[in-house]
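Participant: The primary structure of each chain is shown beneath.
2 protein chains.
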Amino acid sequence: MTAPDIKAVIENYLAAVASGDGAAVAALYAADATLEDPVGSEPHRGRDAISAFYGGLQGEITTELLHARVSGLEAAFSFRVVTKAGDTSYIVEPIDVMTFDDAGQITSMRAFWAPTDMVVE
Amino acid sequence: MTAPDIKAVIENYLAAVASGDGAAVAALYAADATLEDPVGSEPHRGRDAISAFYGGLQGEITTELLHARVSGLEAAFSFRVVTKAGDTSYIVEPIDVMTFDDAGQITSMRAFWAPTDMVVE
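Protein sequences, first through last, are from chains A and B. The numbering of the first sequence is my numbering, which starts it at 31 and goes up by one. The numbering of the second sequence is my numbering, which starts it at 31 and goes up by one.
Think of the hints as simulated: they come from the structure by calculation, not from any bench. Quick caveat: nothing in here was measured; it's all calculated off a predicted structure. Mixed in with the good hints there might be a few duds.
[To be verified] For each label pair, taking beta carbons as the anchor points, the in silico distance ranges come out as: (1) B:Ala79 x A:Ser119: 43 to 49 angstroms; (2) A:Val150 x B:Ala82: 31 to 37 angstroms; (3) B:Gly76 x A:Val150: 43 to 49 angstroms; (4) A:Ala115 x B:Gln135: 29 to 35 angstroms.
Just so it is clear, CB atoms sit at the ideal spot from N, CA and C, and this is done for glycine as well.
Sequences and hints are given; from them, build the entire structure.
Facilitator: Pasting the structure below:
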């Protein structure tokens with residue numbers, strides 16, 4: 031089979047996160063995938079838990095890919111996520127590390143960032 | 031004990047890489063650390079192997095930290111490395127993922143990049 035286009039999966043992922051639709055994001059993950067956000071916290075496992083995680087994000091979300099590096103079926107990428115709630119914007123630029131299966135589904139995600147990285151405008 | 035300053039370790043690491051001194055870079059690693067560069071290749075293990083890896087880099091090297099995110103004793107960071115050989119510059123912007131011990135020594139490094147990411151000027 032053809033190798034999956036990992037860069038395209040990352041772009042689809044960021045678009046789904048911005049949509050605010052937890053189920054749409056979870057659909058990009060493999061059934062038994064894990065999500066650790068931020069790194070060091072207890073991982074969420076499986077599509078239901080992953081859907082609930084993204085569905086719980088509040089406010090108007092925009093995302094932008096900054097820098098992506100793909101090595102086979104693994105990738106690391108930095109991105110900007112802006113969450114607008116009322117007149118306030120919360121800005122974070124995490125670095126996510128993901129692994130993928132042969133079909134291009136995300137099998138694990140680990141988000142590197144700390145609350146102190148957040149900028150409030 | 032005080033938590034190590036991971037950001038400072040990363041800065042020291044990039045300075046040591048630019049020095050071209052393999053032993054100086056290896057000294058920032060724990061004795062039994064692993065180095066996987068690029069991700070997907072066979073890891074190097076231990077300071078001797080790590081020293082040989084960095085000592086084998088040719089040309090005049092400059093490094094610049096672009097974006098670093100620290101979560102406890104793990105970190106991900108993008109950086110630019112320019113290797114100048116004669117009149118030609120080879121430019122790569124990898125994303126490295128590192129883990130550290132309590133003393134701030136690097137216990138593992140994984141470098142996300144692909145040869146196709148390289149720019150030659």
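Participant: Confirm or reject each hint.
Facilitator: Structure-based check of all given hints:
Remark: the range hint 43 to 49 angstroms for Ala79 of chain B to Ser119 of chain A is upheld by a beta-carbon distance near 47 angstroms. Under the hint 31 to 37 angstroms, the C-beta atoms of Val150 of chain A and Ala82 of chain B, about 47 angstroms apart, miss the expected range. Judged by the Cβ atoms, the range 43 to 49 angstroms given for Gly76 of chain B and Val150 of chain A holds: they are separated by roughly 45 angstroms. Separated by about 41 angstroms at the C-beta atoms, Ala115 of chain A and Gln135 of chain B break the suggested range of 29 to 35 angstroms.
Against the hints set out earlier in the document, violations occur for numbers 2, 4.
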